[in-house]
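Peer 1: Protein chains in written order, with UniProt numbering: chain F, 1 to 377; chain W, 1 to 377.
Errors might be hidden in some of the hints.
What the hints assert, rightly or not - Simulated crosslink set (DSSO-like; lysine-lysine; CA at most 30 Å straight-line):
(1) W:102 - W:150
(2) F:45 - F:102
(3) F:198 - F:150
(4) F:96 - F:150
(5) W:96 - W:45
(6) F:102 - F:11
(7) W:198 - F:198
(8) F:198 - W:96
(9) F:150 - W:45
To be verified - Quick partial rundown of chain W residues pointing at chain F, CB under 8 Å, derived from the structure:
(10) 60
(11) 115
(12) 300
(13) 309
Since the hints were made in silico from the structure, they are not lab data. Don't be surprised by glycine CBs; every beta carbon is placed ideally from N, CA and C.
2 protein chains.
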Amino acid sequence: MRDLADALTEKNCDAYVVYDSSANADMRYLAGFLTSDPYIYIYPKEGEGTVIVSSMEELRARRETTCNVVTRSAAGLPDLIQEYQNIETATAHMIKNFAGTKLLVPQSMPVGFAQTLMTVADVTVDRGTVALMRAVKSADEIALIREVQKRNEEATRCAVDMIRNSETRVDGALIFEDEPVTSERVRDVIAAALRPWKCEERDTIISCGTDTAMPHCLGTGQLYANQPIVMDVFPRSLVNGYFADMTRTISKGAPREEIIQMYAAVHEAKELAAEMIRPGISGAEVHNAVVDFFAENGYVTAGSSGFIHSLGHGVGLEIHEGPSLSMSGGILEPGNVVTLEPGLYYPGVGGVRLEDMGVVTENGFDRFTNFEKQLIV
Amino acid sequence: MRDLADALTEKNCDAYVVYDSSANADMRYLAGFLTSDPYIYIYPKEGEGTVIVSSMEELRARRETTCNVVTRSAAGLPDLIQEYQNIETATAHMIKNFAGTKLLVPQSMPVGFAQTLMTVADVTVDRGTVALMRAVKSADEIALIREVQKRNEEATRCAVDMIRNSETRVDGALIFEDEPVTSERVRDVIAAALRPWKCEERDTIISCGTDTAMPHCLGTGQLYANQPIVMDVFPRSLVNGYFADMTRTISKGAPREEIIQMYAAVHEAKELAAEMIRPGISGAEVHNAVVDFFAENGYVTAGSSGFIHSLGHGVGLEIHEGPSLSMSGGILEPGNVVTLEPGLYYPGVGGVRLEDMGVVTENGFDRFTNFEKQLIV
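Here chain F stands alone, though its shape is the one from the complex (with noise of 0.2 Å):
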C-alpha cells in the first residue's frame, strides 16, 4: 500500500476513495470484499482502509475483509438523503465527510459519480497507481496463478484427448463416442475438468477451419479433421478470483501446409519471446522483436492478415492486465507475470496461436505452463 500511500502525498490528497463492485478487480485487491452492487473503500493518508457498505452487507463484510467496515447508516447517510433529496449527492457528502476535502480518484470512476463528488470536494483523478501495483505480484498471487494454471492443463489435457481420440467421418466431421465434436461439446469437458477445482471458463475459444483466422472467435457447430482448432482456455479461480490464461492450436491429422509452416513461426516466436523477458527490457522490445520475425518469415501485417494483436499481457484478478507487451509496451520487473502469445491469422486460410504465461523473475522468465506443444494429434 505504500505506493497509494506515495500517491496521495504526492498529489497532496486525504483519501483514495473507489466507489464499485468487486467486479472492479482495483475494489477485489483494495477491499477484498465481493458484491455485485458497488460500496465505498476508502484509504486514508494516514491510519488504514475502510469500507462503507449498506446495513444489509455488514455481516458478511466483516467476515470477508481486513478493512474497517462501517455501514451507510452510521456513515450518516440516511441523514444526508433526507437533506440532499439525492442518493448521489448524499453519497458525495458522506464520502467528503468521512474521508477529507482533498480525495484522489481512480480512471476508472464513473464520470456521473465524479462530477457530483467534484461539486462537493476537490477530486484528482489517479492514473493507474493501482494498477502498477497489481502488476507486480506477490509471492502468494503467483502461486494462486500457477495453481489455476495448473488446473487449466489438466482440463485442456481433457479436450485435446477428446479431439485425439475421435474419429474422422467421411466428410472430415469428428466423432467421438457415437456424437459430433462440437466446439460447445468440448468447452462443456472443459468447464467440468474445472468445476471440481472450483475454477470457471468464460468464452473459452474453441474454434476451426477459417474461423480460427478471428483471434477472439468463440467457435461454434461442428470440428473437423485437418483442420487447426484454436483453443484458448483462460479459467478464474472463483475463491480467489485469480485467472489463468493458455492456447493451444491442433488438428486432427494433418491440416493444409500453410498452417504447418505458420505454426512452426508462431512456435519460434514464442520461444524467442521468452529468451528475451527479463526485468529491464520493455514490452515494446519484445513485441517488437517477433513483428520483425514475423517480417523477415514472410508475414507481413496487412489489414486483418498476419500478426494483428499484441504479443501479451499481464494476469491476475484481470485477464488483460498490465504489464502490455504491444507496441506501447513499459519496462517489466520482477512479479510481473505476463502471456506471450504470438498468432498469425488469414482469412480464408485460418489462424494458428500458441500462448504460455508465466513470471518475470531477477534474471528471466519463470514459464508456468508446462502443456507440450503439437500441432497434429
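Knowing the structure of chain F, use the given hints to seat chain W on it.
Peer 2: Leaving out everything else, chain W in the frame of chain F:
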C-alpha cells in the same frame, strides 16, 4: 433509438459515444458485439450507429453487429498515435474526427478517459437515457427472459429434489446417495442442469442456518435439516445475455417456529406487492406498502435486522437494473420486468426470502415464476 435521438437534440450534441467492452450492458444493448476489450460505439444525430474496432476484431464484428463497422486504422488511429504519442489522446481525437465536437457520453464513462475527451471536444454527461430504454423490454426481450426463468425453475427443481430426497444424519447433516449435501454440491447440480440450455449460474446463493441472515452470503459447506436454506438462483443465457432471478427458502423438516412465522409474513408480503403492480404506481409505493405490512406484523427494521433491502429490481442484460422497487423507486410502465423479493433477516435466527419475477402489463403484472412456495420439504 428514438430516446437517444431525443437526448441528442435536447442536449444539442452531435453524437452519443460509448467506449467500453460488452461487459457494459449498455454497450451490448446498443452495439451487440461481444468483447472483453473496449471498443467504441457512436450514435450520430443523423445516420446510423457505428462501431470502431481493432483490425483483429473486424471480421467478427461484421458478423455480430448490425451497426456499421470501421477499424481503428481506417478511422486514422495509427497516424494520430504518431502525432500525439499517447493512445488515449489519439483515441479522443479519432472519436472527435468521426463523431463531431459536441459529444454526449454515458455517466458510466471512466472519468480518466472523459477528462481526456474533454480536452478535444465539448462533452455532456447523459444521465441514464440508455438505462431507461433498457428498462422497457420489447416482446422479444420478454420472451428471452421468460425462457431463462423456465430453465431456472428446472434447475432449482433439481436442487430442491436433492434436498427433499436426502437423508438426515443423527447430527442433522443432510446426506444424498452417501455423500454430504453441501452448498457447493447443490450449486453444481444447478450448474449442470443449466448448461445444456446454454445458461450459466454465477454466485448462486445456497446458504443454510444462521448464514441465511446475511442476504448475500453465498453459503458454504454442509447443509442441515430443520434449518432454513435460502436458494437464490439467477442464471444468464450465454447466447443472448439475459438474466432470470428467483429465490426460494426451504427446510428439510420443520425449522424453528420463528422461521415458519417469517415465511408466512414474507409470502404474504410478496403477494400483496404482486397485486399492487400496475402501470402508474411507483416502485416506492409498492416498497413502502411492504415495509408497512412487515411493521404491522411486528417485523421492525433495525440495523442489520428485519427487512433490510429493497423490495425488487429490474432484470435484463444486468441482474440489477431499472426500475427500482425501493424507497426511491419511480413510476412503473408496461414492459418493465421486475422482481418482487421481500425478505426478513435476524442474526442468530436466520433469514427467509421469496422472489418471483414478471412483467408490468397494460393493466397489472404478468408473473413469469411458476415455482411452488413450500417451506418444508
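Peer 1: Given the proposed pairing of residue 102 (chain W) with residue 150 (chain W), does the C-alpha separation stay at or below 30 Å?
Peer 2: violated, 45 Å
Peer 1: Answer holds if the nearest beta-carbon of chain F is closer than 8 Å to that of residue 300 (chain W); otherwise answer violated.
Peer 2: This hint is violated: residue 300 (chain W) lies away from chain F, its Cβ roughly 14 Å from the closest one there, beyond 8 Å.
Peer 1: Residue 198 (chain F) and residue 150 (chain F): Cα distance at most 30 Å?
Peer 2: Holds - the C-alpha atoms of residue 150 (chain F) and residue 198 (chain F) are around 13 Å apart, at most 30 Å.
Peer 1: Holds or violated: are the alpha carbons of residue 96 (chain W) and residue 45 (chain W) at most 30 Å from each other?
Peer 2: holds, 14 Å
Peer 1: Between residue 96 (chain F) and residue 150 (chain F), is the straight-line Cα distance small enough, at 30 Å or below?
Peer 2: violated, 45 Å
Peer 1: Taking 30 Å as the top limit, are the C-alpha atoms of residue 45 (chain F) and residue 102 (chain F) close enough?
Peer 2: holds, 11 Å
Peer 1: Are residue 309 (chain W) and chain F close enough, Cβ to Cβ, to be under 8 Å, as the hint says?
Peer 2: The hint holds - residue 309 (chain W) has a Cβ within 8 Å of chain F, the shortest such distance being about 5 Å.
Peer 1: Please verify whether residue 198 (chain W) and residue 198 (chain F) have alpha carbons no more than 30 Å apart.
Peer 2: Holds, because 20 Å separates the two Cα atoms, which is no more than 30 Å.
Peer 1: Per the CB criterion, is residue 60 (chain W) less than 8 Å away from chain F?
Peer 2: holds, 5 Å
Peer 1: For residue 102 (chain F) and residue 11 (chain F), compute the direct alpha-carbon distance and say whether it is at most 30 Å.
Peer 2: holds, 9 Å
Peer 1: Holds or violated: residue 198 (chain F) with residue 96 (chain W), Cα cutoff 30 Å?
Peer 2: violated, 45 Å
Peer 1: Are the Cα atoms of residue 150 (chain F) and residue 45 (chain W) separated by 30 Å or less?
Peer 2: At roughly 51 Å apart (the allowed maximum being 30 Å), residue 45 (chain W) and residue 150 (chain F) break the hint.
Figure legend: structure checked against the earlier numbered hints; hints not met, in rising order: 1, 4, 8, 9 and 12.
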